[in-house]
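Quick mapping for you: the protein sequence lines, in order, are chains A and B. According to the working numbering, the first sequence is numbered sequentially starting from 1. According to the working numbering, the second sequence is numbered sequentially starting from 258.
Because the hints were derived from the structure by calculation, they are not lab data. Some clues are possibly wrong.
PhoX-like, lysine-lysine: derived pairs with alpha carbons at most 20 Å apart [unchecked claim]:
#1 A:Lys141 / A:Lys130
#2 A:Lys141 / B:Lys275
#3 A:Lys75 / A:Lys171
#4 A:Lys53 / A:Lys28
#5 B:Lys275 / B:Lys325
#6 A:Lys171 / A:Lys8
#7 B:Lys275 / A:Lys130
#8 A:Lys51 / A:Lys28
#9 B:Lys325 / A:Lys141
#10 A:Lys8 / A:Lys181
#11 A:Lys51 / A:Lys63
#12 A:Lys130 / B:Lys274
#13 A:Lys75 / A:Lys141
#14 B:Lys274 / A:Lys53
#15 A:Lys181 / A:Lys68
All values reported here derive from a predicted model rather than from experimental measurement.
Read off the chains here:
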Amino acid sequence: MSYVDGMKTLAYAHIEVAEEAIDLLESKGHAVIRLAIDLTPPWKWAPGFVKDKAADLQWAAVKLLIPKLRGMLTKCRHSVEYLGDPDELRARAQLLYGPATAVDGRIQEITGGMTPVILSGAYELKGTRKQAYDDVIAYQKDHLTAYEQPLQDISGVLFDVAAGIESYYLKMALAAIAAAKTVTDLVTTILGLATVETGVGAVIAALGIVSAIGDVITALITGLTTMVDTQHDNEDKLKKIHPPVGWDAPSDQLPAG
Amino acid sequence: MTGDIAGNFEALHSDAKKWAQWGDDLSSGTAPLTQYLPDSAFSDVPGAQEVAAAFAAAMTAFADYTTKGVAALHATRNAVLHATVDMMRQEDQTAAAIAAIEAEIG
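So here's chain B without its partners, still in its complex pose:
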């Protein structure tokens, strides 16, 4: 290994869990973006349905953005897990312990 990483691998592992949790939090916290809002809430005045459609399109765009964001946060989790494995190898941790961390990589 390169020696560019040192310290408590469990702390780094804990970081990885945080990234995973943030991904889940982002997914659940933004759930209202995808909640149904009836077009009728915008009224039936001419033009109101276009407003409803524009609102739905904006929400869809943010839902897509969120999907990518959740994936990005989980990918960060994987990157941190890889770094954790590197640290464990530097510290000569057991193969079983390393394998357990590797199994978490998505």
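Pulled out of the complex, with its shape left as it was, chain A reads as follows:
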């Protein structure tokens, strides 16, 4: 399991905490603000309907934030969902090319035995027939050897994709965690008003935190853009990799001289 799985789990945990905080804000926010007004010295002795009106106004301002915060968390969650499987990609890359790999290794085994010395040790072909056989051997070896470079290239791209996913994931998960934590802090700040004496102005101050979350979201988008560019590069590389054109079957007869 790649470490990106752990990052995903961690990011999800933070996002879930932030989502629960927003749920709490939505269900208790108005009551908490009303309580804060009750406890704040300048408002303490105001008539109830005035305090109700003040709480409504503050709550209206806070409530506007809720869909925005939920939207941010959705973006965070979505960015973390772009997982992929770096381990699977690396395993496939190694299967195609590398020390003792299945495909490249097997082809090398085949070409290793394909020499005229090994093939014609106990008999003698002469003239045109010998030349034809030597040509066939060389032709088949050339076509088998032709696997090597493309397989190496494909394997390299798969390694690059795996590394790209991990690099992207590290940035995304850290950004998502930062965003989620900021949302949680914001909600805590707002709901914490009931215990402070600084007044409802703190609500307005807390709203400033939203711009910080915006910065984190910008980082998410930037990271995504970089990843998309990388994907295009990898796609281009793969599209340029082809086996040689044609691998014709030789004649059924080695021509007699």
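On the provided structure of chain A, position chain B as indicated by the hints.
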């Protein structure tokens, strides 16, 4: 016959078997080219599915190439078997022995 071939026909026959074996080895050895790799391994980042598609297209191209290669190696086997039969006729091998080799020609 032309006299351009001499020696132990069984050795030539053995060569033919090697070509057949190499054809089979190529087929089995390149099997991972056709093994399924889920697109999700490439992630769902925009553009990743195009990378997955390009990878699949490359693998398909190599699988096709392999199919032709296996056929080419088996055809070489047939050519060597024909040469074996020629050698057997030069050596006046029995018709039954020659027929047995001819039966191997695909």
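Structure-based check of each hint:
| no. | hint | verdict |
| --- | --- | --- |
| 1 | A:Lys141 / A:Lys130 | 17 Å, holds |
| 2 | A:Lys141 / B:Lys275 | 14 Å, holds |
| 3 | A:Lys75 / A:Lys171 | 14 Å, holds |
| 4 | A:Lys53 / A:Lys28 | 17 Å, holds |
| 5 | B:Lys275 / B:Lys325 | 18 Å, holds |
| 6 | A:Lys171 / A:Lys8 | 11 Å, holds |
| 7 | B:Lys275 / A:Lys130 | 18 Å, holds |
| 8 | A:Lys51 / A:Lys28 | 17 Å, holds |
| 9 | B:Lys325 / A:Lys141 | 14 Å, holds |
| 10 | A:Lys8 / A:Lys181 | 15 Å, holds |
| 11 | A:Lys51 / A:Lys63 | 18 Å, holds |
| 12 | A:Lys130 / B:Lys274 | 18 Å, holds |
| 13 | A:Lys75 / A:Lys141 | 53 Å, violated |
| 14 | B:Lys274 / A:Lys53 | 95 Å, violated |
| 15 | A:Lys181 / A:Lys68 | 15 Å, holds |
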